[in-house]
Amino acid sequence: MATDPPQRPPTIDAAAAARWSRLVPTGGSPWLHEEIGRRMEDRLQWIKATPRHWASWSPLRGGLEAHALVAKRYRDAAAFVAEPEPALAAVTREALAAPWWSARRWQGARPSFDAPPEDGVDLLWANMALHMAADPEALIARWHRLVATDGFLMFSCFGPDTVRELRMLHERLGWPPASHEFTDMHDWGDMLVHAGFAEPVMDMERIVLTWPSAEAALAELRTLGRNLHRARFPALRGRTWHRALRRALPEVALSAEGAGRIALTFEIIYGHAFKPAPRVALAAESAVSLREMRSMLQRGR
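Residue numbers for the sequence shown follow the working numbering, so the first one is 679 and each next one is one higher.
Think of the hints as simulated: they come from the structure by calculation, not from any bench. Each hint can be trusted.
Listed next, with one range per pair, are the computed distances between beta-carbon atoms:
#	residue 1	residue 2	range
1	Arg-924	Arg-788	43 to 51 Å
2	Arg-925	Ala-767	37 to 45 Å
3	Ala-692	Asp-865	15 to 23 Å
4	Gly-938	Asp-881	31 to 39 Å
5	Glu-883	Gly-706	21 to 29 Å
6	Ala-793	Arg-850	48 to 56 Å
Where a beta carbon is used, it is the ideal one built from N, C-alpha and C, also for glycine.
Construct all of the structure, not just a fragment, from the sequences and the given hints.
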């Protein structure tokens, strides 16, 4: 008998996740998020459907350059921005307002910050958001409501092997966990089906980033997210601890390239799934929403 997927990741502190979601990125979109977005955008070539409209979920954090690539690919489609955090909306609007002389202005429709069509969009693009959600099942359900019947979701997130070297170091030194746990791609697939998506296709790859020093590695990690583990250090650490971390990191994360470079692994999960037409369960009495009824009538069902 199939069981429902867990409602919430057990290691994520919901209050910490909420604080992170409201934090406005100061240096633009993270480089790694942009690179993952570029790779995910390349996968759109295998999708035969051509969206009439699409929405970009939280593009400032997910990647403004990746957003521009999707806009260029679907230049004739109406574009929407779905930014769930009011604190990020104004900054995102300003970042996407290309000046008249910018080539980006002519590479696709200017995104609208208005609500997407009531019946949903043909594509919802959600890059690097899911692994930081305290209630990912609720987030996937929200995405499902934003996607039109026969539309599809494209998303990416971190997987379980992410920063495994850093987590091993914390464990070896008896420190609290270095990060919250990341969900396996098969569990994401189960959650997609549970939310009402169909034909989920999941894939993963590992990317190894290297830095010339522990300081550079830690600085970039801070742009990618926060440690949301409930059992993380309860307070700020002092200089002594930071010195110990910088000394110890090269011992477990030494790059194969040598020359003292620091290497950390990131597991990247990619997924896409379609939203099928709603089906009414057979019962003495059945209820469907107006949106579902309209969709069934349009499909002749």
